[in-house]
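Whenever a hint applies, use it, and build me the whole structure from the sequences.
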Amino acid sequence: SNKLPMICRNFRRKIEAAGGEYLFDCCVEGLIVRDGQIVGLQTSSGEIATHHVILGIGHSARDTYEMLHELGVPMIQKPFQLGLRIEQPQEQINAHKYGHSEYEQILGAADYTIVAKGQRDLYSFCMCAGGFVIPSVSEPGMFCTNGMSRSRHDTPYANSGLMVTLEPHEFGSPHPLAGMELQRKFERVAYELGRADYLCPIQSAESFLNPGSSPSVSLPSSYERGVVLADLHAVLPEAVSKAIEVGLPLMDQKWRGDFLKNATLVGPEMRGSAPVRIDRDLSSRQTQGFRGLYPVGEGAGYAGGIITAAVDGLRSAREIVREFAAIGP
2 SNKLPMICRN FRRKIEAAGG EYLFDCCVEG LIVRDGQIVG LQTSSGEIAT
52 HHVILGIGHS ARDTYEMLHE LGVPMIQKPF QLGLRIEQPQ EQINAHKYGH
102 SEYEQILGAA DYTIVAKGQR DLYSFCMCAG GFVIPSVSEP GMFCTNGMSR
152 SRHDTPYANS GLMVTLEPHE FGSPHPLAGM ELQRKFERVA YELGRADYLC
202 PIQSAESFLN PGSSPSVSLP SSYERGVVLA DLHAVLPEAV SKAIEVGLPL
252 MDQKWRGDFL KNATLVGPEM RGSAPVRIDR DLSSRQTQGF RGLYPVGEGA
302 GYAGGIITAA VDGLRSAREI VREFAAIGP
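If you count by our numbering, then the sequence shown holds residues 2 to 330, one letter each, in order.
Just so you know, these hints were derived from the structure itself, not from any lab.
These figures come from a predicted structure and were not determined experimentally.
Treat the hints loosely; a few may be bogus.
Derived lysine-lysine pairs resembling DSS-like cross-links, with alpha carbons at most 27 Å apart [as the list claims (entries may be wrong)]: (1) K118 <-> K79; (2) K98 <-> K262; (3) K243 <-> K255; (4) K186 <-> K15; (5) K4 <-> K15; (6) K262 <-> K118; (7) K118 <-> K98; (8) K118 <-> K4; (9) K98 <-> K79; (10) K243 <-> K118; (11) K79 <-> K255; (12) K262 <-> K79; (13) K186 <-> K98.
Pair by pair, the computed Cβ-Cβ distance ranges are [said to hold, decoys possible]: (14) Y23 <-> H154: 47 to 53 Å; (15) R35 <-> L283: 22 to 28 Å; (16) P6 <-> G142: 50 to 56 Å; (17) S215 <-> P136: 21 to 27 Å; (18) C9 <-> S285: 26 to 32 Å.
Positions of the beta carbon are idealized from the N, C-alpha and C atoms, including for glycine.
Shown next, in the form of structure tokens:
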């Protein structure tokens with residue numbers, strides 16, 4: 002993650018060299034539409050005239066989702082992933098994966114991918130070897146987590162998301178933004194545990210798997226703002242908590258008892274993917290009733306990561322280019 006600022010800066014310079022412009026501190030507040038055609042954007046810095054808007058928002062752009070819904074942009078609920086993060090000593094992960102300590106000097110910090118199959122699958126996500134747990138907060142009065150690693154992967158901690166898929170019929174409402182409101186509900190609970198200091202709710206895996214026992218923790222966390230002991234069942238829907246309770250022992254069996262040894266859980270991790278999909282035509286990639294609006298990437302509900310979001314955006318860019326010039330296959 003420490004190299005991303007440099008990469009993004011180089012992207013910006015390349016785009017600016019080609020004639021593009023970045024508008025910093027400028028928020029899109031509305032779409033200007035005439036006869037079903039996009040003709041501009043309303044922004045905090047004034048209006049921008051355009052007939053083409055590539056909407057590449059992230060999955061945490063909740064104010065934009067609400068604005069689009071108020072304008073009547075068609076959108077639907079979609080399944081999304083949520084859960085907790087698990088922290089383990091990186092040395093323990095290296096020992097399990099490599100078997101010989103000297104391999105670490107050659108191969109670096111070991112990572113892992115693991116799935117527990119069941120009525121509702123539990124799987125690792127965004128595993129950060131030698132990394133940190135960090136806050137991933139986009140609204141006041143709410144709290145959720147994410148993970149990161151620097152290029153050296155040199156902290157004594159490994160962490161990974163433990164994710165479960167929640168289906169639209171479990172959101173509690175048919176409203177298109179019901180999944181987003183469900184995220185908010187549990188992020189508020191997590192915030193109340195850590196309050197304005199943004200302390201991270203934490204619990205040992207052992208005590209999580211024994212509901213009713215007092216939350217405990219035996220090892221420190223990589224989360225740098227501080228932690229607060231909590232029953233993490235409170236920051237998750239019951240179905241998700243149950244899936245983690247069932248899946249964790251299965252993961253531990255796969256690792257012959259090495260997965261949960263010294264394991265700590267933190268959370269919640271609410272942003273595995275977007276809870277909304279903005280409608281678009283399959284061939285033109287534009288939104289019906291809003292010609293010129295091209296929803297793309299993870300926030301629009303059509304991708305689940307950096308590469309898939311980039312490919313999705315590229316395909317929409319090609320459709321726009323077709324309006325002005327013939328291009329190859």
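Cross-check of the supplied hints:
The suggested pairing of K118 with K79 holds, with an alpha-carbon distance near 22 Å, which does not exceed 27 Å. A threshold of 27 Å between alpha carbons decides the hint, and for K98 with K262 the separation of about 14 Å falls inside it, so the pair holds. Note on K243 and K255: the hinted pairing holds, with a Cα-Cα distance of about 19 Å set against a maximum of 27 Å. Taken as a hint, the K186 and K15 pair is broken in the structure, with Cα atoms around 41 Å apart against an allowance of 27 Å.
Proximity of K4 to K15 is assessed by CA-CA distance (about 17 Å); at most 27 Å being required, the pair is judged to hold. Taken as a hint, the K262 and K118 pair is honoured in the structure, with Cα atoms around 21 Å apart against an allowance of 27 Å. Between K118 and K98, the direct Cα distance comes to roughly 21 Å. Compliance with the 27 Å bound is thereby established for this hinted pair. This hinted pair does not check out: K118 and K4 have alpha carbons roughly 35 Å apart, beyond 27 Å.
Distance hint between K98 and K79 is unfulfilled; the C-alpha atoms sit about 36 Å from each other, more than 27 Å. Distance check on the hinted pair: K243 and K118 sit about 14 Å apart at the alpha-carbon level, within 27 Å; holds. With a CA separation close to 31 Å, the supplied pair K79 and K255 exceeds the 27 Å bound. Restraint check for K262 and K79: not satisfied, since their Cα atoms lie roughly 35 Å apart, outside the 27 Å limit.
With a C-alpha separation of about 38 Å, the suggested pairing of K186 with K98 is violated against the 27 Å cut-off. A C-beta distance of roughly 31 Å is found between Y23 and H154, which places it outside the suggested range of 47 to 53 Å. Separated by about 25 Å at the C-beta atoms, R35 and L283 satisfy the suggested range of 22 to 28 Å. Under the hint 50 to 56 Å, the C-beta atoms of P6 and G142, about 28 Å apart, miss the expected range.
Between S215 and P136 the Cβ separation comes to about 25 Å, which falls inside the hinted range of 21 to 27 Å. Range check, C9 to S285: about 30 Å between beta-carbon atoms, so the 26 to 32 Å window is met.
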